[in-house]
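Asks: Heads up: the protein sequence lines correspond to chains A and B, in order. So for the first sequence, numbering that gives the first Met the number 0 puts the first residue at 0; every next one is plus one. So for the second sequence, numbering that gives the first Met the number 0 puts the first residue at 0; every next one is plus one.
None of these hints come from the bench; they were simulated from the model. One or more hints might be untrue.
Using 25 Å as the maximum straight-line C-alpha spacing, the simulated BS3-like pairs for lysine-lysine come out as follows [as the list claims (entries may be wrong)]:
(1) A:112 x B:288
(2) A:55 x A:70
(3) A:98 x A:71
(4) A:98 x A:55
(5) B:289 x A:112
(6) B:289 x A:114
(7) A:114 x B:288
(8) B:248 x B:258
(9) A:70 x A:98
(10) B:281 x B:254
(11) A:146 x A:55
(12) A:71 x A:55
As the structure is a computational prediction, the values presented were derived from the model and not from experiment.
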Amino acid sequence: MFLMRMRILALCTLLLGSVSAFAEAPIAHLESGRYERTRGEPHLCLAFRLSAGQAKRSRVELGPLYSFSTKKSVHREPSDLHRNCEFIETNSREDYADKTVLTKNNVELCDGKAKSDITIRLTIRSDHLNLDLEDEFGPEYSCAWTKANDIRENAN
Amino acid sequence: MKQFFAAWILIGGLFAPTMSRAADLYVQIQKDIGIGHSSDQVNVSAAGSLRAGSILAIPEQFVKLNPTSRQIDLGKTLAAWAADFAPDRVTPRSFVYRDQTSAAFFPVRVARAADGSRLGTEPVKWIALASLAKTGNLKIVSPPAAPRATAKREVPSEATMKCVACTQAVPGTQTAQQDAQQILTLLNATASASNALPKPPLARRGTKPAYRRPPMCSNIINEEGRIGTWGQDIAHIMFEPRYIGGFFKSNALGKFCPKFNQLSTEMKTRAWLWFWATLAEKESSCDPKKPHSTHYYNRATRRTERLNPTPGWGLWAMEKDVNLRRARGPACYNIRTVEGQARCSIDIMNRRQLRRNHTASSDAESYWGPVRRGDQQIMPNMRRFQPCF
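Excised from the complex, chain B in its bound form (with noise of 0.2 Å):
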């Protein structure tokens, strides 16, 4: 953690107006770095990556450079930094993200996208600092032309500033997607009322005693139907083009949820959140560390007996053996965050069911054995998702 916050990025004039503001610094970026999308400010949640080739813009007074190598070195501590902040201006925020432990996300001023596109008025980004702090990542370069004339730049206020989401605008982004985010934002907002349930509550409560969830699967969806940090996740990547004309596409949950044309998009959402917890717990009890073994003791034959052809692991039982995940392709390369083993599960059930013109519920030849069996192993808490029946 420490060289996380050993080398780290400032925000100048952007967020401290009142600073006197030094002469940029501008750097260019050699890899993808991930960034990170922030739904309350208290919490940043993986939202993708930014493209090598994007230029970023540091106050040149927060960046050392070795005069002989030209190397950057992002000097003051994490606290320096702090301190000459204002408590109420947007910080720097840890979050697990992709294969790092605890990255330091950031918010930079993102000067110029790798595809030449500025990012809309002052872009924001939060940019995982580990990526950053790579050797050979960052390269000076000149500054981006300017803007035309004509072009108003436009001063962020305060409203602004403290919605990060709300500047976050990817180029070529598709409506669909900005609107999806901006409901996965006001989903999260902690004091939005967006998120105040229906009454009754969204699952169903039998005569039966009361039936309890695994408390971790609560971090996907809870029984009232607030999304957790895991749901966020899971969420966002549902929400990337490559997967979102699947996931919400007529009828796209099958029997699992009959009423899911009639839902909003927020419920719909909601319902697949609630289809992911149910398929957590079958196979793992939501245990993202779960290893899934080969075989099981039959009390009807009292005999061991194979269960699967090859160790599993974590909430939605992947291949543990990261060379048969590789042939599913790179969504699935790691599966050691909770946020890989979505993508990786995500990427499975697009390919082999929605995108083969099946449904959740539709398909034989799904890569899970509760799915297969869905009438005996999901249907049962799927029915109780009020919205879906």
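Bound conformation, chain A alone (with noise of 0.2 Å):
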């Protein structure tokens, strides 16, 4: 019997085991608080506020306009407006000792042609963001945000 319950703990910790590794881990250098524009188009590189949950989250995003899968992964959907077209999302990760690179690229293809090519690289540093947008004619604008110091946090 004891060997029995020895057995079945062994397996739910292998299993337990499995199943977190194929978890994503959250991104070590994201921190949660309120992110200011240092650089770029207001209107493209709006500021924005990263909850703690959403730190931790499978998604990033930031604010309005633009959020990031953090796991490595591939989507296909058929367009729900022209029936000739379809859109592949394209979500990678590469994470190093001082950064987080996430990068997605959108595409619309229409009979097999691509329409739209679009990819978004989002660098994430402690407290430092840096965004870079370039479409199929090449590079096209850049973001930069700094985290703001938070007065309450600060306070001493």
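Please assemble the complex out of the two chains, which come individually in their own frames, going by the hints.
Replies: As structure tokens, then:
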């Protein structure tokens, strides 16, 4: 009976370990707080607030304009607007010692030809985010944000 | 369309009491189907869905059964159906519903809802026929348990049958939503005195040459405050339980409507529709098929500059890429119709602003550029809506 219980326990440990291995690790360098624009056009690089919960989720939202998956994935969806078109999104992630890079590529294919091809790259460092967007014609614009000092956090 | 008319549902008994009533066939729907809400027996607007598991009663004489496969074929053509009933009965109506280009809606009797409750007496739903006709969506079942002897079965009066909306009791509906739906019904009744507008007209006329909104914006709400078909869709969505608390909370429109709290629910509805029309005018000139470019020509700098990260579409400039919208949630999955675009916009407004204790006007993180630049782009037209100021 004891051996049976130990085997069950070992099996559960193995399963849990496997599950956690597949679960995406949160982004170590991403901190919650308010981020202010330090570079880029105001209407394309809006300031935003990142909540503590969001910083650990599988998707990071930088205000209303940008969101990134923290998991590597590919999504292919038919267009709801044009019958002969489809959209393909490819997400990737690269972790380094001092930064994490999330890349998202969105393509619209119509009759097999790319109608738009946009790649957005988000580089995450402690307190500092960089975003670069390029489309089918080349690099378009960049944004940079710095985490603002929260008065309440620094009150002493 | 032919396939829609080739398969349909008849009403027995309920709408033709003089007909000899064949035994009802009870079918259980396997997938959620769209339901509609009739405002004036002329227009049916989308109201939600009837959940899988609900049981419908169909007079057996109008249904063909394949004896081998037991597949249900909803027979008779629309013309034959219509011929069986007097013209003053509730008749099927066509309506653009969700992703159906032209869905036929037919009234049916719901014997039992998905949660097991009976939807009032002789409940009537307008069912999106295309959804019902999908293969495998109907399963023959036994009649639901008979009601208790003490329960009084009421035969609907002529007045009740004509007022389809009045019989559309949804279980668990909050009183606020019922009130809101009844108000909307009254608002849109063509002969209703409630839709009579206060004098002077809602839109203030200035000394400048008359401001003219793009004509298509009248589909939301016109200069006299009369609600159009798109406006009905928008209002219905805002009245849904998940949204009504946000859109009708205190000071929901912020500086766009300072007197919001003093308005009746009816006028608050019109104020919101005025806002949505104003925003649609700025984003697309109220064109639901308007593509939104990523670039614009800056006359000051004489350069083509980036306007948006990604291409947009429609009345309120939703993202054209369905993958980008998928990240915003299921409300934004399909923006092919006005109703789909409205649902996505309302959901975004609710999630990004109203649910975060912000108002429609107070958010620098709003999805919409005209809202972020509200003083210049939204306020001038909102000020023309007199009840708000």
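Asks: Does each hint hold? Answer for all of them.
Replies: For each hint, the structure was consulted:
{"no.": "1", "hint": "A:112 x B:288", "result": "holds (22 Å)"}
{"no.": "2", "hint": "A:55 x A:70", "result": "holds (12 Å)"}
{"no.": "3", "hint": "A:98 x A:71", "result": "holds (17 Å)"}
{"no.": "4", "hint": "A:98 x A:55", "result": "holds (15 Å)"}
{"no.": "5", "hint": "B:289 x A:112", "result": "holds (22 Å)"}
{"no.": "6", "hint": "B:289 x A:114", "result": "holds (17 Å)"}
{"no.": "7", "hint": "A:114 x B:288", "result": "holds (17 Å)"}
{"no.": "8", "hint": "B:248 x B:258", "result": "holds (13 Å)"}
{"no.": "9", "hint": "A:70 x A:98", "result": "holds (16 Å)"}
{"no.": "10", "hint": "B:281 x B:254", "result": "holds (18 Å)"}
{"no.": "11", "hint": "A:146 x A:55", "result": "holds (17 Å)"}
{"no.": "12", "hint": "A:71 x A:55", "result": "holds (16 Å)"}
Comparing the model with each earlier hint shows no violations; every hint is respected.
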